[in-house]
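Following the hints, position chain B against chain A.
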Amino acid sequence: MQEHDLSFVRVEMALAQSAPASERGLGAWIRKNLIASTGDTILTIIGIVLVAMILPQLISWALINAQWTGTDRTFCATVAQGGIQPDGWSGACWAFVNAKFGQFMFGRYPIDERWRPILVAILFVALLVPLLIPKVPRKGLNAILFFGALPIVAFILLVGGVFGLPHVETPLWGGLLVTLTLSFVGIAVSLPIGIVLALGRRSKMPIVKMLCVIFIETVRGIPLITVLFMASVMLPLFLPAGVTFDKFLRALIGVSLFAAAYMAEVVRGGLQAIPKGQYEGADSLGLGYWQKMGLIVLPQALKLVIPGIVNTFIGMFKDTSLVSIISMFDLLGVVKQNFSDANWATPQTARSGLVFAAFVFWMFCFGMSRYSMFTERRLDTSYKR
Amino acid sequence: MKHIAIGILGAAALGLVASAASAATLDDVKAKGFIQCGVSTGLAGFSAPDDKGDWQGIDADFCRAVAAAVFGDGTKVKFTPLSAKERFTALQSGEIDVLSRNTTWTINRDTALGLNFVGITYYDGQGFMINAKKLPGVNSALQLSGAAVCVQSGTTTELNLADYFKSNKMEYNPVVFEKLEEVNAAYDAGRCDVYTTDQSGLYGIRLTLGAPADHVVLPEIISKEPLGPAVRQGDDQWYHIVKWTYFALLQAEELGITKANVDEMKNSDNPEIKRVLGTEPDTKIGTDLGVSNDWVVNIVKAVGNYGEMFERNVGSGSPLKIARGINALWTKGGLQYSPPIR
Numbered sequence: 019m020q021e022h023d024l025s026f027v028r029v030e031m032a033l034a035q036s037a038p039a040s041e042r043g044l045g046a047w048i049r050k051n052l053i054a055s056t057g058d059t060i061l062t063i064i065g066i067v068l069v070a071m072i073l074p075q076l077i078s079w080a081l082i083n084a085q086w087t088g089t090d091r092t093f094c095a096t097v098a099q100g101g102i103q104p105d106g107w108s109g110a111c112w113a114f115v116n117a118k119f120g121q122f123m124f125g126r127y128p129i130d131e132r133w134r135p136i137l138v139a140i141l142f143v144a145l146l147v148p149l150l151i152p153k154v155p156r157k158g159l160n161a162i163l164f165f166g167a168l169p170i171v172a173f174i175l176l177v178g179g180v181f182g183l184p185h186v187e188t189p190l191w192g193g194l195l196v197t198l199t200l201s202f203v204g205i206a207v208s209l210p211i212g213i214v215l216a217l218g219r220r221s222k223m224p225i226v227k228m229l230c231v232i233f234i235e236t237v238r239g240i241p242l243i244t245v246l247f248m249a250s251v252m253l254p255l256f257l258p259a260g261v262t263f264d265k266f267l268r269a270l271i272g273v274s275l276f277a278a279a280y281m282a283e284v285v286r287g288g289l290q291a292i293p294k295g296q297y298e299g300a301d302s303l304g305l306g307y308w309q310k311m312g313l314i315v316l317p318q319a320l321k322l323v324i325p326g327i328v329n330t331f332i333g334m335f336k337d338t339s340l341v342s343i344i345s346m347f348d349l350l351g352v353v354k355q356n357f358s359d360a361n362w363a364t365p366q367t368a369r370s371g372l373v374f375a376a377f378v379f380w381m382f383c384f385g386m387s388r389y390s391m392f393t394e395r396r397l398d399t400s401y402k403r
Numbered sequence: 380m381k382h383i384a385i386g387i388l389g390a391a392a393l394g395l396v397a398s399a400a401s402a403a404t405l406d407d408v409k410a411k412g413f414i415q416c417g418v419s420t421g422l423a424g425f426s427a428p429d430d431k432g433d434w435q436g437i438d439a440d441f442c443r444a445v446a447a448a449v450f451g452d453g454t455k456v457k458f459t460p461l462s463a464k465e466r467f468t469a470l471q472s473g474e475i476d477v478l479s480r481n482t483t484w485t486i487n488r489d490t491a492l493g494l495n496f497v498g499i500t501y502y503d504g505q506g507f508m509i510n511a512k513k514l515p516g517v518n519s520a521l522q523l524s525g526a527a528v529c530v531q532s533g534t535t536t537e538l539n540l541a542d543y544f545k546s547n548k549m550e551y552n553p554v555v556f557e558k559l560e561e562v563n564a565a566y567d568a569g570r571c572d573v574y575t576t577d578q579s580g581l582y583g584i585r586l587t588l589g590a591p592a593d594h595v596v597l598p599e600i601i602s603k604e605p606l607g608p609a610v611r612q613g614d615d616q617w618y619h620i621v622k623w624t625y626f627a628l629l630q631a632e633e634l635g636i637t638k639a640n641v642d643e644m645k646n647s648d649n650p651e652i653k654r655v656l657g658t659e660p661d662t663k664i665g666t667d668l669g670v671s672n673d674w675v676v677n678i679v680k681a682v683g684n685y686g687e688m689f690e691r692n693v694g695s696g697s698p699l700k701i702a703r704g705i706n707a708l709w710t711k712g713g714l715q716y717s718p719p720i721r
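Chains A and B, in that order, are what the protein sequence lines are. Counting in this note's numbering, the first sequence runs from 19 upward without gaps. Counting in this note's numbering, the second sequence runs from 380 upward without gaps.
Next up, chain A with everything else stripped away, as it sits in the complex (with noise of 0.2 Å):
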């Protein structure tokens, strides 16, 4: 007797089935997220409390009462305070820093040179983003431009006395100008240095290892302030008289060298995560220690390391507001300064200020975190589970 054949082969595949309604949607999401347990929902409780009782007053504050425009305190001011809002009105004077927006961006940089600070930025952007983006062909070539050419074009832009171009002086400069300026720089000049000393304090060679121990513990002893101070207060009275030396110059050097420091603490973190086998493995095919540094070691260590980098440098973008100690005038110093202006002094204008400059540090920082996660999931290629 001949058996059937009730085996049964499915061909093709079973279309797969949504979720349940009950996982699908904005309900689910809700549930999921706000309100899983009794915790979540006293938690998602006070949030929206806090964001409910902020929200509006910040809304109606920056947007709604904001005074946009004027020409001086009297438009930031009620009536009781001399000025021509009504009593009881509370809002942003974006009026001061619509009139005081030259100075924020360039500080005291004369009006008619403006334009170079500007072309500056231009070229900067447009070197910078094709860098930045990984598609884009010809790196090596735009490295070249945006590390070799751009910071002598950007310094005769920037100080000019060459060219017919008028020389101005670094103590004009102010402003958005100084903070870039002094953040770009310190940030090409701190990761190279960082690195070599990095590189040093795990030398065998015992005077190499010595004095970039030496240098890294002493610097990263002193507080960004001191070094400051004593490069603007102390070092002029040793200095020959009539001998000035640059402050500016004298914040940039001290600044990098202090980014350097802690660099070079973070690229030696990298450093000791690689495995001891990379390094024997890199010996054993005879790779000299350039090689086997710039080929194996580094490109493993600084990707482990690029949160610490970038750290180090929002770190840094934000302590260059420190030269406000020495007389010098980054974007925080300059809203801060503005404030003594009589013709803009009214209850609003230090708010509105700050508020700007933290919003304009917010962008670069936040820009640059970004930009960093980025980096790291693109390089990812090991560990991924």
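Source of the hints: derived by calculation from the structure; they are not laboratory data. What you are looking at is a predicted structure, and each value in this text was computed from that prediction instead of being measured. Just so it is clear, CB atoms sit at the ideal spot from N, CA and C, and this is done for glycine as well. You may find that some hints are simply not true.
[To be verified] Quick list of the computed label-pair ranges, beta carbon to beta carbon:
#1 T244/A x R570/B: 29 to 37 Å
#2 R570/B x A291/A: 50 to 58 Å
#3 C383/A x D615/B: 25 to 33 Å
Chain B alone, transformed into the frame defined by chain A:
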């Protein structure tokens, strides 16, 4: 005038360097073509940047007056903003030619620090501002017994306050903050009834309060803070130029010479005016000083006379609205007095 400890440190540091700068400041200034002037990092009415970033205020205008005397052009001046800590080093090391930065004239600064103060462009002193709503009927500092007083810590202001209340046998509760902004915020929020700092500063602070009309600056001044420009010791010619620029500003006001009428005044028959404006034949007043004979004309054309400078920057022409008070001319009951220009 604030941080005492840093002042001592600065004095010690300056002691190491005797007289660093070369003698002939006038020649140096003429050679470089401008005057380098040290100002504050921002004090309303004295030196603060305007919308274009130009320095405005009494201290800044004084530097323009010196530039006008030397070059006949009040714009030939470059400003260096200096913090309180840096100001004396900057003058001593030759980085600046004139320090015009709301600096109090004291004997220590004239002797140990090696400065020469040229005069007093603004008689300031520590004053009190009260919240009239909380302290109704108070119109003298002697009625402040038991009040909560907001004051910045680590300043001479704090010490003067304690002295004043002790010597008048009054009680008070100090509410002390490290930063000026914190003091302002605390006072505006009503944490204290009284705010004390230099009187010129009180007017600026009043503008940033929520209800300025409720706050009254009391008439008492409990300390002497004579503010004036200073130069380096060891260069008498430069010292005289800066000093007589100050006196010329006063003399111009006394004689009624203003920015508007200075050209007319040149034709005046009044011998005193003729002497001051250098229109007397064979006058050597200006050249003996080391400048041109029409130096006072240039000064007044650049910044006006002292009264105009005062009213424009801190007085009725400014938002600060400070009364002349003891800064009026001696002929009007104030202390501003110029020796004769002859």
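Going down the list of hints, with the structure as the test:
As the Cβ distance of T244/A to R570/B is approximately 33 Å, the hint placing it in 29 to 37 Å holds. A beta carbon spacing of about 52 Å between R570/B and A291/A agrees with the range 50 to 58 Å that was offered as a hint. About 54 Å separates the C-beta atoms of C383/A and D615/B, a value inconsistent with the hinted range of 25 to 33 Å.
Checked against the numbered hints above, the structure breaks only hint 3 and satisfies the rest.
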